[in-house]
Structure formats: C-alpha cells, structure tokens
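Asks: Sequence:
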Amino acid sequence: MLKTNNNEKSETLSKCSLMCNEGLSGNISLKHQLQLYAKAMLDFTFYTESILTETDFPEHSSEEKVRDLLKQLEKPVELCQELFPQEQVGEILGAEIYECICWRQGALLYMYCSTVNDDAERRNRTKDMFNQNLLKGIHYLSKMFLVRKCQDNEEFQSNCQHTINLIKKGIYSDTHLLSLMYKGDLCNWYLQSCNTETSQGIDRSIDVISEGRTALETFIQITDGPLKNQGWSSERAKELLKGPQFTR
Numbered sequence: 001m002l003k004t005n006n007n008e009k010s011e012t013l014s015k016c017s018l019m020c021n022e023g024l025s026g027n028i029s030l031k032h033q034l035q036l037y038a039k040a041m042l043d044f045t046f047y048t049e050s051i052l053t054e055t056d057f058p059e060h061s062s063e064e065k066v067r068d069l070l071k072q073l074e075k076p077v078e079l080c081q082e083l084f085p086q087e088q089v090g091e092i093l094g095a096e097i098y099e100c101i102c103w104r105q106g107a108l109l110y111m112y113c114s115t116v117n118d119d120a121e122r123r124n125r126t127k128d129m130f131n132q133n134l135l136k137g138i139h140y141l142s143k144m145f146l147v148r149k150c151q152d153n154e155e156f157q158s159n160c161q162h163t164i165n166l167i168k169k170g171i172y173s174d175t176h177l178l179s180l181m182y183k184g185d186l187c188n189w190y191l192q193s194c195n196t197e198t199s200q201g202i203d204r205s206i207d208v209i210s211e212g213r214t215a216l217e218t219f220i221q222i223t224d225g226p227l228k229n230q231g232w233s234s235e236r237a238k239e240l241l242k243g244p245q246f247t248r
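FYI, the numbering for the sequence shown is 1 to 248, going by the numbering used here.
I should point out that these hints are in silico values taken from the structure, not numbers from a laboratory. Every residue gets a Cβ at the ideal spot worked out from N, C-alpha and C, and that includes glycine. Among the hints, a few may not be true.
To be verified - Listed next, the in silico SDA-like pairs over lysine to any residue satisfying Cα-Cα at most 20 Å (straight line): (1) Lys168 <-> Glu217; (2) Lys169 <-> Pro226; (3) Lys169 <-> Gln86; (4) Lys143 <-> Gly90; (5) Lys39 <-> Lys143; (6) Lys149 <-> Thr115; (7) Lys71 <-> Asn131; (8) Lys136 <-> Gln221; (9) Lys136 <-> Lys168; (10) Lys143 <-> Thr115; (11) Lys228 <-> Thr175; (12) Lys39 <-> Leu79; (13) Lys75 <-> Thr115; (14) Lys149 <-> Ile164; (15) Lys168 <-> Gln132; (16) Lys136 <-> Ile167; (17) Lys127 <-> Gly201; (18) Lys65 <-> Gln86; (19) Lys31 <-> Glu121; (20) Lys65 <-> Glu87; (21) Lys168 <-> Gly201; (22) Lys242 <-> Ser210; (23) Lys228 <-> Asn195; (24) Lys143 <-> Lys127; (25) Lys149 <-> Lys127; (26) Lys127 <-> Lys228; (27) Lys149 <-> Ile167; (28) Lys149 <-> Glu87; (29) Lys75 <-> Glu59; (30) Lys143 <-> Asp119; (31) Lys136 <-> Tyr37; (32) Lys71 <-> Glu49; (33) Lys127 <-> Leu227.
Claimed, not checked - Here are the in silico distance ranges between beta carbons for each label pair: (34) Leu83 <-> Ser61: 31 to 39 Å; (35) Ile51 <-> Pro244: 32 to 40 Å; (36) Thr247 <-> Pro85: 24 to 32 Å; (37) Ser29 <-> His60: 38 to 46 Å; (38) Ser233 <-> Ile28: 25 to 33 Å; (39) Ala95 <-> Asp128: 30 to 38 Å; (40) Thr175 <-> Pro85: 44 to 52 Å.
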C-alpha cells in the first residue's frame, strides 16, 4: 500500500509551486501553461489520493473527497475545451498528460469501489452511489483509450511486430494494459450489483457486459500473446469471463 509522509507532501507542493511560477513567467504559450497546470494538478491531487488509499476510504468522508478529486482532475480538461473549443484536449495537453488524467480518475474510482465492494454492509448501504461510481470508473478508463488514434504500420515504425500489435490495440504502456483489467473488474462488480428489473437497467447491463467482455478478452490476448512470460497473468481475467456476469 502506498505510504506518504510530510516530506513527500512538501516535495509535491514545491513541485506544484515551481510549475505555477513557470506558468506565471509570461514567457510561454497558453497551451504550455495549460500543460503545466495539468501536471501541477496531477501532482497536487496525488497526495490526497494516497491518504484516502492508506486509510481505506473512510465511509464518513470519502465520497465527498473522491468527488472533489475528480472535479480537480477535470479542471484542466474543462479549460482546454473552453479556451480551444475547436481542438482535441489530447492535442492541447499532449496524449500522455490527458491519458494520465483519465487513468487517475478511473483508477481512483477503481480503488474506492474495490474498498466498498469488499464490505458487504457498506456496499448495500450505498448501493446507488456505488453503482454510479462503477459506471464513472468504466467511463474514465474507456476514455483513456480514445485519446490517441490507432496507428497503422505506415505511421508507426518498428522492427518488432509484437510492438506494432500492442499499439494497434491501444496499449502504449503497462498502465494501458492494467486499465483493461481494472475495467473488467468494475464491469463485473456493476453486473453483480445493478438492478435489471427495468428496461433501462437491462440496456445498461447489456452495454456493460459487452464493454467488460471486450476489455478482458483484449487483456487475455495480450498477456497470453505479445507479453507472455513478461510478469502478467491472465488467470483472473479468464476466471471473470467464465463467471455468471459475462456468460449471460
């Protein structure tokens, strides 16, 4: 589990301060300032996220703190959309920064929902909010894969066919691969918890089944294929796909 201390908090705040000072210098473009702002926000929110994770997301305060963190991480995105409405956020912030924002939002909800899911009483007390957070987490992790357009062989030069295959599936890093497994878990938890007694609930469940199945199947294809024997295991993903949630 991630641990933080006062030194780490001080280092984070110092880093944010340096970025802000650079942004206020007046010698850089507006887009670069937005990039610095996004990086500073990622660093600033990391400390609070770490504390929440260390303390297992206390029930009395976590919902509000998680909601605030999601809003803070979304601010750079909203500014980009407001200031440059004709451009893609990923083109302004850069693909890696925008993907990191989506990842941090999705991973935060994954950790929060994982904690709630492990406590049956708490899960039942907060069922509606739990389901909403699961859907939000699925949304953010899905959005991460929409930042970059799939590159073909002419656009991406590599002597390694495995690398080309990974890029075609949108896997640019270990984080992208991990997000597939996180998404599969979130979909599984939602399908266990959701209400399928209404037509809306049934339609949503069908969508989530499809999204979860695709994420898990892609994870298995990659970990049993290009990244076989690279420290990844597909057993959990295979177990979920064989479960009742994805075999309806």
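Asks: All hints, please: hold or fail.
Replies: Now for the hints, and whether the structure bears them out:
For the suggested pair Lys168 and Glu217, the alpha carbons sit about 15 Å apart, so the restraint of at most 20 Å is met. Taking the CA atoms of Lys169 and Pro226, the gap is about 11 Å. The hint holds against a cut of 20 Å. Between Lys169 and Gln86 the alpha-carbon distance is near 27 Å, which puts this suggested pair outside the 20 Å criterion. For the given pair, Lys143 sits about 11 Å from Gly90 by alpha-carbon distance, which is consistent with the 20 Å threshold.
For the suggested pair Lys39 and Lys143, the alpha carbons sit about 19 Å apart, so the restraint of at most 20 Å is met. Restraint check for Lys149 and Thr115: not satisfied, since their Cα atoms lie roughly 34 Å apart, outside the 20 Å limit. For the suggested pair Lys71 and Asn131, the alpha carbons sit about 19 Å apart, so the restraint of at most 20 Å is met. With a C-alpha separation of about 26 Å, the suggested pairing of Lys136 with Gln221 is violated against the 20 Å cut-off.
Proximity of Lys136 to Lys168 is assessed by CA-CA distance (about 25 Å); at most 20 Å being required, the pair is judged violated. At most 20 Å may separate the alpha-carbon atoms for a hinted pair to count; Lys143 and Thr115 exceed this at roughly 23 Å. Taking the CA atoms of Lys228 and Thr175, the gap is near 17 Å; set against the 20 Å cutoff, the hint holds. A C-alpha spacing of about 14 Å is found between Lys39 and Leu79, which places the hinted pair at or below 20 Å, so the restraint holds.
Our distance criterion of 20 Å between C-alpha atoms is broken by Lys75 and Thr115, whose separation comes to about 26 Å. Pair hint Lys149 plus Ile164 holds up; C-alpha atoms about 14 Å apart against a cutoff of 20 Å. Of the supplied pair hints, the one linking Lys168 and Gln132 is violated, its CA atoms being roughly 31 Å apart against a limit of 20 Å. Between Lys136 and Ile167, the direct Cα distance comes to roughly 25 Å. Violation of the 20 Å bound is thereby established for this hinted pair.
For the given pair, Lys127 sits about 14 Å from Gly201 by alpha-carbon distance, which is consistent with the 20 Å threshold. About 32 Å separates the Cα atoms of Lys65 and Gln86, which puts this hinted pair outside 20 Å; it is violated. With a CA separation close to 47 Å, the supplied pair Lys31 and Glu121 exceeds the 20 Å bound. Using a Cα cut-off of 20 Å, the hinted pair Lys65 and Glu87 is violated, with the two alpha carbons roughly 31 Å apart.
A C-alpha spacing of about 33 Å is found between Lys168 and Gly201, which places the hinted pair above 20 Å, so the restraint is violated. For the hint linking Lys242 to Ser210, the alpha-carbon distance of about 14 Å falls within 20 Å, and the restraint holds. Note on Lys228 and Asn195: the hinted pairing is violated, with a Cα-Cα distance of about 38 Å set against a maximum of 20 Å. Between Lys143 and Lys127 the alpha-carbon distance is near 24 Å, which puts this suggested pair outside the 20 Å criterion.
Pair hint Lys149 plus Lys127 does not hold up; C-alpha atoms about 36 Å apart against a cutoff of 20 Å. Pair hint Lys127 plus Lys228 does not hold up; C-alpha atoms about 38 Å apart against a cutoff of 20 Å. For a cut-off of 20 Å, the pair hint linking Lys149 to Ile167 stands: about 10 Å separates their Cα positions. Taking the CA atoms of Lys149 and Glu87, the gap is about 15 Å. The hint holds against a cut of 20 Å.
Of the pairs offered as hints, the one joining Lys75 and Glu59 is violated, with about 25 Å between alpha carbons and a cut-off of 20 Å exceeded. Under the criterion of a C-alpha separation no larger than 20 Å, the hint pairing Lys143 with Asp119 is inconsistent with the structure, at around 28 Å. For the hint linking Lys136 to Tyr37, the alpha-carbon distance of about 24 Å lies beyond 20 Å, and the restraint is violated. Proximity of Lys71 to Glu49 is assessed by CA-CA distance (about 13 Å); at most 20 Å being required, the pair is judged to hold.
For a cut-off of 20 Å, the pair hint linking Lys127 to Leu227 is broken: about 37 Å separates their Cα positions. A C-beta distance of roughly 33 Å is found between Leu83 and Ser61, which places it inside the suggested range of 31 to 39 Å. With their beta carbons about 36 Å apart, Ile51 and Pro244 fall inside the hinted range of 32 to 40 Å. Between Thr247 and Pro85 the Cβ separation comes to about 44 Å, which falls outside the hinted range of 24 to 32 Å.
Restraint check, Ser29 to His60: a C-beta distance of roughly 44 Å satisfies the suggested window 38 to 46 Å. For the pair Ser233 and Ile28, the supplied restraint of 25 to 33 Å is violated, since their beta-carbon distance comes to about 44 Å. Taking the beta carbon of each, Ala95 and Asp128 are about 35 Å apart, inside 30 to 38 Å as hinted. The hinted range of 44 to 52 Å is not satisfied by Thr175 and Pro85, whose Cβ atoms lie roughly 29 Å apart.
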